[in-house]
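Enquirer: Sequence:
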Amino acid sequence: MKLVSPKNKQPLQGEVKLPPSPHFSVMSILTLATIDGGTAINVARSFHVETTTFLLKRLGCKLDWIATDKLIVECGNVDSSLKRHVISVGCYPWLIPLFAMFYTAKGSAGSLLVLRGECDWMLKLNFRDVLESVGFIGGRAWFGEKLSSLLIVEGFRGCLPTSLWRIVVGDNIYTVLGAIIAAIAAGYTRPVLVRGTIPYTPWLRELVDVFNSLNLQFFIETNRFSIQTTSKTKKEIIVGSTCFEAALLAAPIAASRGRAKLIGITNSECTASLTYILKSIGCEVEVRERTLILNCENREARNLIAKTVAPPLVLPYLGLGVAIKADTTLSETSGLVYEGVQLGKFTSILEKLGFAFIVERDRIASVVSKEPHKRIVVDCGRSPELCLTLIPSALSPD
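Take any residue in the sequence shown, count from 1 to its spot, add 1: that is its number in this note's numbering.
Among the hints, erroneous ones may be present.
[Claimed, not checked] FRET-style restraints, in silico, Cβ to Cβ:
hint, residue 1, residue 2, range
1, LYS262, THR234, 34 to 40 Å
2, GLY61, ASN299, 56 to 62 Å
3, PHE144, SER164, 39 to 45 Å
4, ILE42, ALA302, 39 to 45 Å
5, ALA302, CYS160, 29 to 35 Å
6, GLU298, ILE239, 33 to 39 Å
7, LYS10, GLY38, 19 to 25 Å
8, ASN268, THR198, 52 to 58 Å
9, ILE239, ALA273, 20 to 26 Å
10, GLY136, LYS262, 30 to 36 Å
The set of hints was computed from the structure by calculation and includes no laboratory data. Just so you know, even glycine gets a beta-carbon here, dropped at the ideal spot from N, CA and C.
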């Protein structure tokens, strides 16, 4: 893909409905599968969703797209044979904790799930928190140590203990989400203890709307969570957007000094963080009736300092800072590589735009250091997030 700044840069203007969240979509489909089926509406048709549906089909579930965004899931009769399933997660390692925890509880006892990757840099990732968490709830998983078998998980359907569950979180919110799904599948209703502090709770609270839609009661504290079923459990989920989708659209609008209405925004702490960032660079922002009204005609290249309340937000925040030539500091960024982007590759591309980077375990700081290249060519490869993050730079008049 060639990313070239247009000759006549015009501010972006208009009204747009936010797209459904791939994270929300995957969570919805897996959750419906744990309660034997249901209907997901407004599903994002993405690689993540296609991979999830492929996994469920291998388990014997029936899936039927009755519209472009409406999926019926039937998982009442899951295959009980001792099979070995091989599933590629592409370059999206955040799928691994979800699939591993789900398969532990839903896969037939003794069967195996082999999770493979498509990008060499995934071999450098540490999935120990996933392995330990699977073990702590009574399952078994181990490293494959090859790209063709990053992680191998054994199914334990009907065999997981009902004694107290514990999981290890580290920097990985997706292990928490996977454990929630496993608890529903196993009918586990006691609190799940967490070693460490649950990270990114503002974004977690957005994603647990999946459970609220089904009348499943979710409770979260600093180091524990639980989920309770009710007699009135629903079988339908309408997939929504999160602050991540809003940020992906707001960043190029702000960079171009544009104005727009983003429809479908959630009223959450995560959205409040996005609003704060936009206001800090001089944009006028208002949120009302699930609509974010944005006017960035007078935005400035101020320093951009933000606490990352959702791991995917690192990309659009960093891309916005680069686009408006602002010195940028983002804290709590340890989940970045888990979003499917190799940090070294990402920063090397942005350095061509004239930024120097300081990358630490929990912080990224970028500083304008030299005259940027007037034209760069980026091969997005298997990480389209790279291009999405660079689009604001192509639209910025700065």
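Enquirer: Take the hints in turn and mark each one as holding or not.
Expert: Taking the hints in turn, this is what the structure says about them:
1. LYS262 with THR234: 34 to 40 Å: Since the Cβ atoms of LYS262 and THR234 sit about 35 Å apart, the hinted range of 34 to 40 Å holds.
2. GLY61 with ASN299: 56 to 62 Å: holds, 58 Å
3. PHE144 with SER164: 39 to 45 Å: At roughly 26 Å between Cβ atoms, SER164 and PHE144 fall outside 39 to 45 Å, so the hint is violated.
4. ILE42 with ALA302: 39 to 45 Å: At roughly 41 Å between Cβ atoms, ALA302 and ILE42 fall inside 39 to 45 Å, so the hint holds.
5. ALA302 with CYS160: 29 to 35 Å: Violated - the Cβ-Cβ distance for ALA302 and CYS160, about 58 Å, lies outside 29 to 35 Å.
6. GLU298 with ILE239: 33 to 39 Å: holds, 34 Å
7. LYS10 with GLY38: 19 to 25 Å: violated, 49 Å
8. ASN268 with THR198: 52 to 58 Å: Given a distance of about 25 Å, which is not inside 52 to 58 Å, the answer is violated.
9. ILE239 with ALA273: 20 to 26 Å: Cβ of ILE239 to Cβ of ALA273: about 23 Å, so the range 20 to 26 Å holds.
10. GLY136 with LYS262: 30 to 36 Å: Given about 48 Å between the Cβ atoms, the range is violated.
When each numbered hint is compared with the structure, violations occur for hints 3, 5, 7, 8 and 10.
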